Amino acid sequence: MAPTYNIAMVSDFFFPQPGGVESHIYQLSSKLRDRGHKVIIITHAYKGRTGVRYLTNGLKVYHVPFFVLYRSASFPTVFSFFPIFRNIVLRERIDIVHGHASLSSLCHEAILHARTMGLRTVYTDHSLFGFADAASIFANKLLKFSLSDVDHVICVSHTCKENTVLRASLDPLMVSAIPNAVVAENFKPLDYTEPSPRSFAPHHPPPARPLGPHDMITIVVISRLFYNKGTDLLTAAIPRILANHPHTRFIIAGDGPKAIDLEQMIEQNVLQDRVEMLGPIRHEEVRDVMVRGHIYLHPSLTEAFGTVIVEAASCGLYVVCTRVGGIPEVLPSHMTVFAKPEEDDLVTATGKAIASMRANKVRTELFHQQVKSMYSWTNVAMRTERVYNGISGAISEAEFYGYDAANGAGSWSATRGRSGVQSFALIDRLKRYYGCGIWAGKLFCLCVIVDYLIFLALELWFPREKIDVCPDWPRKERKVDGKDAG
Amino acid sequence: MAPPSGLHQSAIPSDFETPFPPLVRSSTVPAGLKSHRADPSHLAPEDAYTPYSPPRRSGTFDSTGTASGTESRAGRARHKDASRSRSRRRKRFQKLLWVKQSYPDNYTDQATFLENLQRNPRVRPYDFWPLVADSTVIVQHVCSVIIFVVCFVGIFQERVSPVSVVGWSSFATFLGWLLWDWWVTNEAPGGWEDDDVRARMIRDGRAYREYRPPRRQDSSGLGSPMLNASTVSISSVSNFPSAASSTTNLLQDHSVPLQRPLHPPGTNTSGGLLAPTQVHSRSASSINTIATQASGAASPTTTAGTAANLIAAGTTAFGGPGTTGFSPATRNRLSTIKSAVLIYFTLLGLSPILKSLTRSTSSDSIWAMSFWLLAINVFFFDYSGSSWSGGLGGAASGGGGGGGPGAHGKQMPVASMSTNAALMASTVLASRLPSTGQVFSLTLFSIEVFGLFPVFRQYARHRSWRYHVVLTVLLVLGAGAGVGMILGDERGWPWKKGLLGMVVGCLIAALAMGGCSWWLIGLQKYKNEIYGPWDPARPIIISRRHWDDD
Numbered sequence: 001m002a003p004t005y006n007i008a009m010v011s012d013f014f015f016p017q018p019g020g021v022e023s024h025i026y027q028l029s030s031k032l033r034d035r036g037h038k039v040i041i042i043t044h045a046y047k048g049r050t051g052v053r054y055l056t057n058g059l060k061v062y063h064v065p066f067f068v069l070y071r072s073a074s075f076p077t078v079f080s081f082f083p084i085f086r087n088i089v090l091r092e093r094i095d096i097v098h099g100h101a102s103l104s105s106l107c108h109e110a111i112l113h114a115r116t117m118g119l120r121t122v123y124t125d126h127s128l129f130g131f132a133d134a135a136s137i138f139a140n141k142l143l144k145f146s147l148s149d150v151d152h153v154i155c156v157s158h159t160c161k162e163n164t165v166l167r168a169s170l171d172p173l174m175v176s177a178i179p180n181a182v183v184a185e186n187f188k189p190l191d192y193t194e195p196s197p198r199s200f201a202p203h204h205p206p207p208a209r210p211l212g213p214h215d216m217i218t219i220v221v222i223s224r225l226f227y228n229k230g231t232d233l234l235t236a237a238i239p240r241i242l243a244n245h246p247h248t249r250f251i252i253a254g255d256g257p258k259a260i261d262l263e264q265m266i267e268q269n270v271l272q273d274r275v276e277m278l279g280p281i282r283h284e285e286v287r288d289v290m291v292r293g294h295i296y297l298h299p300s301l302t303e304a305f306g307t308v309i310v311e312a313a314s315c316g317l318y319v320v321c322t323r324v325g326g327i328p329e330v331l332p333s334h335m336t337v338f339a340k341p342e343e344d345d346l347v348t349a350t351g352k353a354i355a356s357m358r359a360n361k362v363r364t365e366l367f368h369q370q371v372k373s374m375y376s377w378t379n380v381a382m383r384t385e386r387v388y389n390g391i392s393g394a395i396s397e398a399e400f401y402g403y404d405a406a407n408g409a410g411s412w413s414a415t416r417g418r419s420g421v422q423s424f425a426l427i428d429r430l431k432r433y434y435g436c437g438i439w440a441g442k443l444f445c446l447c448v449i450v451d452y453l454i455f456l457a458l459e460l461w462f463p464r465e466k467i468d469v470c471p472d473w474p475r476k477e478r479k480v481d482g483k484d485a486g
Numbered sequence: 001m002a003p004p005s006g007l008h009q010s011a012i013p014s015d016f017e018t019p020f021p022p023l024v025r026s027s028t029v030p031a032g033l034k035s036h037r038a039d040p041s042h043l044a045p046e047d048a049y050t051p052y053s054p055p056r057r058s059g060t061f062d063s064t065g066t067a068s069g070t071e072s073r074a075g076r077a078r079h080k081d082a083s084r085s086r087s088r089r090r091k092r093f094q095k096l097l098w099v100k101q102s103y104p105d106n107y108t109d110q111a112t113f114l115e116n117l118q119r120n121p122r123v124r125p126y127d128f129w130p131l132v133a134d135s136t137v138i139v140q141h142v143c144s145v146i147i148f149v150v151c152f153v154g155i156f157q158e159r160v161s162p163v164s165v166v167g168w169s170s171f172a173t174f175l176g177w178l179l180w181d182w183w184v185t186n187e188a189p190g191g192w193e194d195d196d197v198r199a200r201m202i203r204d205g206r207a208y209r210e211y212r213p214p215r216r217q218d219s220s221g222l223g224s225p226m227l228n229a230s231t232v233s234i235s236s237v238s239n240f241p242s243a244a245s246s247t248t249n250l251l252q253d254h255s256v257p258l259q260r261p262l263h264p265p266g267t268n269t270s271g272g273l274l275a276p277t278q279v280h281s282r283s284a285s286s287i288n289t290i291a292t293q294a295s296g297a298a299s300p301t302t303t304a305g306t307a308a309n310l311i312a313a314g315t316t317a318f319g320g321p322g323t324t325g326f327s328p329a330t331r332n333r334l335s336t337i338k339s340a341v342l343i344y345f346t347l348l349g350l351s352p353i354l355k356s357l358t359r360s361t362s363s364d365s366i367w368a369m370s371f372w373l374l375a376i377n378v379f380f381f382d383y384s385g386s387s388w389s390g391g392l393g394g395a396a397s398g399g400g401g402g403g404g405p406g407a408h409g410k411q412m413p414v415a416s417m418s419t420n421a422a423l424m425a426s427t428v429l430a431s432r433l434p435s436t437g438q439v440f441s442l443t444l445f446s447i448e449v450f451g452l453f454p455v456f457r458q459y460a461r462h463r464s465w466r467y468h469v470v471l472t473v474l475l476v477l478g479a480g481a482g483v484g485m486i487l488g489d490e491r492g493w494p495w496k497k498g499l500l501g502m503v504v505g506c507l508i509a510a511l512a513m514g515g516c517s518w519w520l521i522g523l524q525k526y527k528n529e530i531y532g533p534w535d536p537a538r539p540i541i542i543s544r545r546h547w548d549d550d
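Taken in order, these protein sequences are the chains called A and B. Heads up: the first sequence begins at 1 in the UniProt record's numbering, then just goes up one per residue. Heads up: the second sequence begins at 1 in the UniProt record's numbering, then just goes up one per residue.
Derived from the structure by calculation, the hints contain no laboratory data. Among these hints, one or two may not hold up.
Unchecked claim - Straight-line Cα separation of at most 20 Å, DMTMM-like style, residue types lysine to aspartate or glutamate; simulated pairs:
#1 K340/A <-> E115/B
#2 K525/B <-> D109/B
#3 K141/A <-> E477/A
#4 K60/A <-> D451/A
#5 K372/A <-> E477/A
#6 K141/A <-> E448/B
#7 K188/A <-> E284/A
#8 K258/A <-> E284/A
#9 K338/B <-> D364/B
#10 K141/A <-> E529/B
#11 K144/A <-> E529/B
#12 K144/A <-> D133/A
#13 K527/B <-> D133/A
#14 K338/B <-> E187/B
#15 K361/A <-> D255/A
#16 K466/A <-> D215/A
#17 K144/A <-> D127/B
#18 K60/A <-> D95/A
#19 K372/A <-> D133/A
#20 K340/A <-> E448/B
#21 K372/A <-> D472/A
This one's a predicted model, so the numbers in the text were calculated from it and none came from an experiment.
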């Protein structure tokens with residue numbers, strides 16, 4: 001019987017706010033519940049959403065009252081979260097605290113407090129950061145602070161892993177690359193028929209209606225229209241693509257500060273009949289927009305994972321995207337055409353994609369089934385569970401990290417100190433923080449000591465015995481062992 | 001392009017829910033230790049946790065590695081031997097997410113991990129002499145601040161007559177203006193010494209005007225320069241009325257960015273002429289500040305307005321070359337003179353108010369305050385001088401009201417803060433002086449030193465390197481002599497002290513310029529820029545290629 005855990009997901013970003021991190025947390029938690037774990041989510045209070053809520057599947061959400069600073073990231077007060085966090089953790093008997101998103105100060109605080117309380121911590125990074133500008137340097141220092149004493153880190157792509165390892169000076173072995181996933185059922189192509197489960201022959205969906213030379217090819221773009229989403233590239237490329245290829249048109253969904261540029265481009269080039277701007281759409285409508293097209297164009301300049309291109313491929317769209325960040329890792333080459341983030345190359349790549357669509361060389365009708373087998377939240381939950389097992393000692397350290405911990409002083413003490421079961425001692429933690437920098441190290445140590453003192457004070461004032469333990473939502477039974485991977 | 005999907009079907013495992021292969025010891029340890037990465041500039045995984053390990057000299061591991069990593073590498077090497085036979089059977093690790101890997105998630109592949117990392121790819125090593133040459137700009141400014149302070153001390157101790165100070169400086173300003181005017185009129189028809197600069201400028205101006213046109217006919221980004229040159233001349237004629245209009249609304253600091261969109265081609269194509277506009281408007285606004293500070297009773301708007309008027313008129317005059325016709329140039333000169341007279345009398349009227357401005361404040365606070373204000377002036381001064389020397393086009397587009405890259409736009413408030421601080425310092429200092437005449441002299445002097453002189457210096461530097469050097473030497477000598485004379489007591493012969501001061505000043509300047517340059521070059525070895533696939537890509541867009549370059 002594999003162990004089950006009580007897990008607290010902590011992030012500033014959660015429903016009702018839409019977004020990638022939010023749905024990641026929701027899907028992962030829900031699948032972890034399916035695997036028999038208990039999962040609660042801690043986030044800050046949103047407008048009209050306070051207190052404790054239950055979501056589908058018995059998912060409990062704590063909306064902690066917190067001052068929201070900017071774009072729903074809460075104000076970073078290093079210690080003020082501790083009392084209520086401790087209360088929640090004790091009420092729910094949490095074993096593992098899992099923080100999400102590097103810009104969420106709630107997550108970093110939770111990791112710090114959880115370590116003070118002697119809990120296991122995991123952190124998931126969803127974004128890429130540079131090293132050059134002042135804001136990044138500051139953010140990286142803070143990340144280093146919070147990740148100095150974390151048990152394991154999950155990144156959504158290998159590029160993201162490299163970035164996080166560099167930013168926080170981590171041992172690469174304590175960083176796992178576990179991708180996002182999509183709910184393939186929500187992103188079916190138009191007229192898609194489920195393969196009958198009883199037929200043993202490989203499923204071949206009927207080939208899509210072949211495109212004639214004069215049929216209209218629709219290129220879909222769904223993104224927030226920001227600079228870093230490559231809207232400038234898009235604005236420059238659209239007139240050239242449309243000029244090179246008659247019988248093509250664009251559908252652009254999304255909103256942002258660069259929308260005005262696009263509109264200006266449309267007016268300047270008189271393309272109103274060939275470029276359709278839908279404005280902002282909700283996540284539920286994404287599929288309905290996608291299935292109207294044949295090609296999905298993604299001109300982003302930086303992307304940790306790029307869930308949207310997986311969604312597009314799942315809808316049976318041929319994907320044209322820029323070769324940046326983690327995007328090259330996400331889809332196999334027969335589903336994508338890669339371009340450099342240059343106007344010329346983007347035009348060329350789109351031209352190639354249109355040509356091969358016209359030649360009917362791309363079996364887009366097979367994409368859905370393939371994507372479904374590549375990415376699923378069940379798989380993500382399974383792999384995350386392995387991380388939980390590894391840090392809580394259910395898998396032996398040697399097995400998890402792949403080296404012999406008993407090797408004595410000769411082996412990797414850095415890793416062992418971080419992952420080892422015995423490493424909650426304050427002095428060990430201080431050692432880890434001290435290495436963060438000449439000044440920062442001492443400052444961080446001070447923070448940790450203060451945090452520890454607050455912890456002691458809380459133990460005195462609000463003793464553990466006085467805190468009610470809340471009854472659990474009935475747990476799901478783990479599925480049959482044959483399908484179980486643990 | 002699109003291979004038959006059957007091929008790929010095999011790559012996608014159908015047995016999706018299968019557990020991981022049994023994890024064995026060292027399954028996560030990189031197997032391929034014969035490193036493919038001969039490039040020592042790449043980081044290896046162990047670089048992440050051995051904080052100060054130097055870049056690896058060779059691509060291969062051996063157990064006699066550097067001291068910090070010896071044990072761990074030796075440990076790995078042992079594992080390598082143990083697991084080699086096992087790892088052979090596996091598929092190679094691929095840095096892909098859609099592939100079903102036969103490795104655990106935290107596996108770190110030695111061959112591909114951080115393979116795209118670049119360290120210091122764009123570092124340009126500094127050379128000593130160019131660095132020293134560049135530092136002359138700072139030396140010049142520091143020296144002019146010192147000279148200002150020396151003059152104040154001289155006036156304050158009543159060793160120098162304020163009238164002589166302001167007389168000589170006004171004479172020098174007048175000479176400078178004449179010289180400027182002469183240069184500018186010489187330059188106007190034949191234009192820039194540098195055809196390259198001109199071409200770039202034209203391109204910039206064009207890029208600004210044509211926002212994002214369809215780029216089919218000239219996708220090379222270099223249109224016919226002649227055609228654009230004609231636009232240039234037209235628009236530069238149009239520069240005049242716009243500059244004149246700027247005189248009216250220089251009252252707020254915002255007016256410069258506000259008015260600019262009205263005549264973007266003019267500002268762009270008249271190139272460097274924009275910079276005086278900025279500088280003058282800066283000083284105008286700062287005079288505005290003074291006026292509002294000073295005017296407890298007096299009407300601030302008129303005084304500030306006239307002050308701004310002078311400065312802006314100066315702009316118009318300095319902006320003259322763009323206006324090729326004869327009469328506008330003369331008119332500009334006339335209006336400059338008119339404004340100069342106006343500001344002269346305004347200051348004269350304002351001096352009694354300034355004199356009693358800080359009577360209730362103790363002198364200590366005034367010294368401390370003026371020190372900090374002058375320090376702010378020195379630290380936030382716009383030394384780039386890009387408007388004249390290197391990036392003429394860049395400055396032109398930057399001045400074009402947000403038309404260029406944002407960096408130029410951001411510099412503006414900082415630079416105006418510098419001038420503001422200096423003028424405020426001079427105001428509070430002047431308020432310590434006992435007589436109205438002294439106050440008037442010092443304020444006028446400060447406007448000349450902090451408002452007009454930097455413009456002249458920049459222009460001289462742009463104009464000829466020789467002028468620049470001569471000016472630097474003169475300033476250093478002057479500052480040294482001044483400090484020497486001030487420090488020396490009054491009894492002795494001041495010229496001897498002055499000479500000594502000159503020598504010491506030259507020594508200090510040379511030492512500072514050389515020493516700081518050498519230090520900066522020495523610091524370069526700590527430079528560690530990291531670039532990789534996680535950095536936002538810099539899009540290359542043809543229609544705006546030259547924007548992204550600078």
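Go through the numbered hints given earlier and state which of them the structure violates, listing their numbers in rising order. 2, 3, 4, 5, 6, 8, 9, 14, 15, 16, 17, 19, 20 and 21
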